[in-house]
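Asker: Okay, here's what each chain looks like letter by letter:
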Amino acid sequence: MTLLRVENVSKSFGGLKAVDQVSLELRKGEILGIIGPNGAGKTTLFSIIAGSMPASAGAVFLGERRLSGLRANGVVAAGVVRTHQIVRPFTNLTVLENVTVGAMFGSPSTRHNPRARAHEELAFVGLAERAHHLPAGLTLVARKRLELARALATGPKVLLLDEVIAGVNPVEAIEMTKLIRVIRDQRGISIIMIEHILAALMSVSDRVVVLDYGKKIAEGKPAEVVRDAKVITAYLGEEHAKSNGGIRGPAAEKSP
Amino acid sequence: MSTWRQFIPEWLSPAVLAVFVAAAAVLHALPYVVALSPYDHNQLTLAFLFIATALAWNWIGGFAGQISFGHAAMFGVGGFAAARALQMQVAPFWVPWLLGGLVAGAYGLAWGHPTLRLRGPYFSIATIGVGEATRLVLTYWQGFTGGASGLALPINAQLKYSLYWYALYFLALVAIASYAIRNSRLGLGLLSIKSDVEAAADVGVPVVFCQDLVLFLSGAVVGVAGGIYASYFSFIEPSDMFGFDRSISFVLMAVIGGVGTVFGPGLGAVVFVLLRQFLIASYPQLYLGLYGLLLVLVVLFEPLGISGLIFRVARRLRPHRGAT
Amino acid sequence: MARGLELLLSAVLLAGLYAMMAYGLGLIYGVLRIVNLNHGGMIMVGAYLGWYLHERAGIDPYLSLPIAAVVGFATGVVIYGGLVRYLPRGPAGGVQSLLLLFGVWLVLRNVAYLQFTGNDQAIRTDYSTKAVVVLGSALSLNRLIVFALAALLLVALDLLLTRTYLGKAIRAVAQNADSCRVAGIDVERIYTFTFGFGTALATMAGLLLGTLFPFNPTFGAGELLKSFVIVVLGGLGSVLGTAVAALILAIVEVFAILLLPAYLTGAVGFVLLVLVLIFRPGGLFGQRVLG
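Protein sequence lines, in the order shown, are assigned to chains A, B and C. Mapping of the first sequence onto the numbering used here: residues 1 to 256, in sequence order. Mapping of the second sequence onto the numbering used here: residues 1001 to 1324, in sequence order. Mapping of the third sequence onto the numbering used here: residues 2001 to 2291, in sequence order.
The reader is advised that the hints may include incorrect statements.
Partial pick of chain B residues on the chain C-facing surface, computed with a CB cut under 8 Å [stated by the list, open to error]:
(1) 1115
(2) 1121
(3) 1126
(4) 1130
(5) 1133
(6) 1255
(7) 1281
(8) 1284
(9) 1288
(10) 1299
No wet-lab data here; the hints were simulated from the structure. Treat the numbers as computed from the prediction; the structure is a model and nothing was measured. The beta-carbon is built from N, C-alpha and C at its ideal position, and this holds for glycine as well.
The whole structure should be built from the sequences, with the hints applied where relevant.
Answerer: As C-alpha cells, then:
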C-alpha cells in the first residue's frame, strides 16, 4: 500500500537541474534507501518532500493528500518530518526543550502532553540523562540522536532521515541502524533514508533508489541494485575503492 | 503545600508567584503608606509604563530574536488613536486605551507580516524604515495627529493621580503575560525560531503565525501604553511619540536589563528611568552619548545586561546548578 | 520634456554619489558579514568635517576629501580594533554587532550636538550656487564636481579590488575566510583594513553630501537606509551592480519629489527599502558574495 508518492518532481536552480523528473513510492511499513554520488540531488529531494523548498514541477502526495504547496510546518502536521544532513539543534534550548518543540508542534496526536512525550523520545534514543544539557555539550552522535528524537516527537507517519549514520564510528553506526529498524518494526513508521555508508543502508533497506545528476537511474532490492551496471559505473565503482571495502564491512556480514 | 500546588498551573513556579503578589501589594499600597511627593508619584506612574513597554518589546526582540528599531510607530499610533477617542469622549476612559492598543496591534501586523520573514539585520533595518516613514507620514496627517503641533486633551488632575494604579495593573497584566508567553507553547516556538527558523519550521513550528501573533501582542501593549501616556500628559505630539529616540529607548531598556530574559527588560527600564532623571537634572546634553556607551559596554562585556550580572552572581553562589 | 531631462540628469549625478556611499556599507557587509549601523554616523562626521575645515581653515571642501579619507580610515580601524573585533562571529554576533555599532552612532551624534549644536549647517563656497548648462539643462556645478569625484573613486575602487593583491585578498576573504587563513592570508588584517576602508568611503561620501544638502547631527539615518536599499538591490561586490541600483534609487527619488506631496517624499526611500527587502532580497543580480 503506497503511503508517500513522489510524482515526476523536478527542481531547477537557474540553469542547473538539481532534481530531474524523479518519481518514487514509499510503501507503508517500508524502509526505502536513497543513494547516489554527492550532488545527485538527494537532499534537495528531501527538502521538496518536506516542504522547505517548492518543486519546479511535479508533486508529492501522502495517501490522497497533496503535500506540495504546504509550508514545512504544514507537512509536519500531515505526518512527514525530516532530519538534516548537518544537524541543526536549537542551540539556545536544552536537549529536553529541543525535543519538546517537536512534541508541541508536531502532528495533532502528540500535542496533549508534550513534555511527557519528549521524555519518552529521549529515553528511546538513549539521551535521558542529558535532558537538561545544552546541545553544545553533546558529541556528534548524541546530537544526531537528539535530532532523531526531536523528529520522532512530532509523531510522524513518514520519517526522512538524511545521513543519520555518516560521521559516527562503526559501533555507533550499528546502534543507529538497530534503532532505525526498531522505529519501523515497533512504531510502524515508514522511513526514507539517504545514506552513503552503504553497508548500513543496504542492510536495513527493503528497497533502494539510486539517483545520479538528479535523475533516478535504478530502483529495486539492495542486492539487485548493487549489481546494476549503471549504478556501479556511476557510483559504486569509486565508492568501492574509496571506502576500503565498506560493502564488505561488519554490518554487511550481519545482513539478513 | 501540595494542596496549594493543585491550583497553580504547572508552569508557574510558586516562588515567582509569591514575589509577584508581594510586589503588587507593596506597590499598590505605597502611596497610601508613604507620603510620596507628586513628582515621585508621577515618576512611578511613568516608570510602570516604561517597564511594560520594555517587557512587550522583548517579546519580539528577545523571545523571537527580531530586533525592532521602530516600535515607536505603534506607541504613537496607539497614543493618537486613544487621544482621538478621548477627545470624542468615548467612555469610560480606559476604552480609548484598549482601542489604541487594538489599532496599534493591527498596524504592527500590517507592516510586520511581510517584513518578519526577513532575518536579523534585514528586519532591523526595515524597522528603522517603518518607524521613520510612520513618523513622517503621520506627522502630516492632521486628522489623526493634529499635525506637528499635536493633540491636547482636557486636563484631569484626579485622573492623573489615579493613573498610578491603572498603570500598575496594566504592568501587572503585561508581566503575567510575559511570564506566560515565555513558558507556553508560543514561547518555546519563538525561541526555536530565534535559534534556527528553518529547523523550527521543519519540526512543525508555524513560523509565520507565531511571529505575527507576537508582533501584534507586542504592538498592542505598546499602543495601550501610548494611550495611558496621552492621558498622563494630556498632550502628545508626533515628534515625541514617533521619534527615533523613543524607539531607541525601548531597545536600550531591554538591552540594559537583558534581552531575551523574562523580566530583565523590566529591570532595564527601572535603570533607564533613574538614569534619565539623573541626566535631565545634571547632564541633559549627554543622554544620547551615554545611551550609546551603555549599549557598547553591554554588548562587549555582558550581553545579558543586568540579568547577566545576576546570573553570574547566582552561579557563583550555587555552582552545582547545571546548564541555565 | 526639458524638465524631464533635467530631472533625469540630476538623478544620474546623484546616483554617482549614492553608489559610492552605498559601496562602503556593502564592502563591510560583504567581507565581514556585519551591517555597519554606524554608516550613517560616519556620513554625518564627514559632512561636519568638511564644514569645519571650510569654516575654520578655509579649505575648499573638495580638497579636504583626502583628509576625510584618512580620518575615516583611522576611525574605522579604531572601531574595528577596539570594539568590533571582540564580537562573536556568525549568527550570534549579528544582533550584537547591530547594537554595538548603533551605540557608536549615538555617541558620535552626541559629540556632534555638543560641538556644533543641533542646528542645520551647510557648506557654502563661492561657487555653490553656480550652474553649468549641459544638454540644454542647467545643472549645479557642485553636483557635477561631486559626480566626477564619486565616479573617479568608484573606478579607482574597482581597479583596487580587481587588479591589486590586496583587492584579491579582500575578495577571497569575503568568499571563504577559513580557506584564506589556511592559505596564509592574515584575515584579521584584511578585516581591519576593510572596515577602515568602508568607513573612509562613508566619511568621504558624507563630505560630498554635505556640499549638496544641509545637515545636522541626525544626518545619516536616511542615507543609511538608502545605502542599504542600494546594497540589497545591487548585490554585493560588483561596482556595476551598485551603480545601477543607485541609479534606480535616484530616479525613483527624483520623480517622487515631482509626483508626490512634500510630506510623503521623505517616506519614499523607506517604502522602497521595505519593498525591495520583501520582493528581491537577492538583489537584481542575484549576487551575494564579493566576486
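Asker: Decide, hint by hint, whether the structure agrees.
Answerer: Against the structure, the hints:
1. 1115: 6 Å, holds
2. 1121: At about 4 Å, which falls below the 8 Å cut-off, the nearest Cβ of chain C leaves the hint on residue 1121 of chain B intact, so it holds.
3. 1126: 5 Å, holds
4. 1130: 7 Å, holds
5. 1133: Because about 4 Å separates residue 1133 of chain B from the closest Cβ in chain C, which is inside the 8 Å limit, the hint holds.
6. 1255: With Cβ-Cβ at 6 Å, under 8 Å, it holds.
7. 1281: Status violated, d = 18 Å.
8. 1284: Violated, because the Cβ-Cβ distance from residue 1284 of chain B to chain C comes to roughly 11 Å (cut-off 8 Å).
9. 1288: OK, holds: residue 1288 of chain B within 8 Å of chain C, min 4 Å.
10. 1299: Interface hint status for residue 1299 of chain B: holds (4 Å vs cutoff 8 Å).
When held up to the earlier numbered hints, the structure conflicts with 7 and 8 and fits the remainder.
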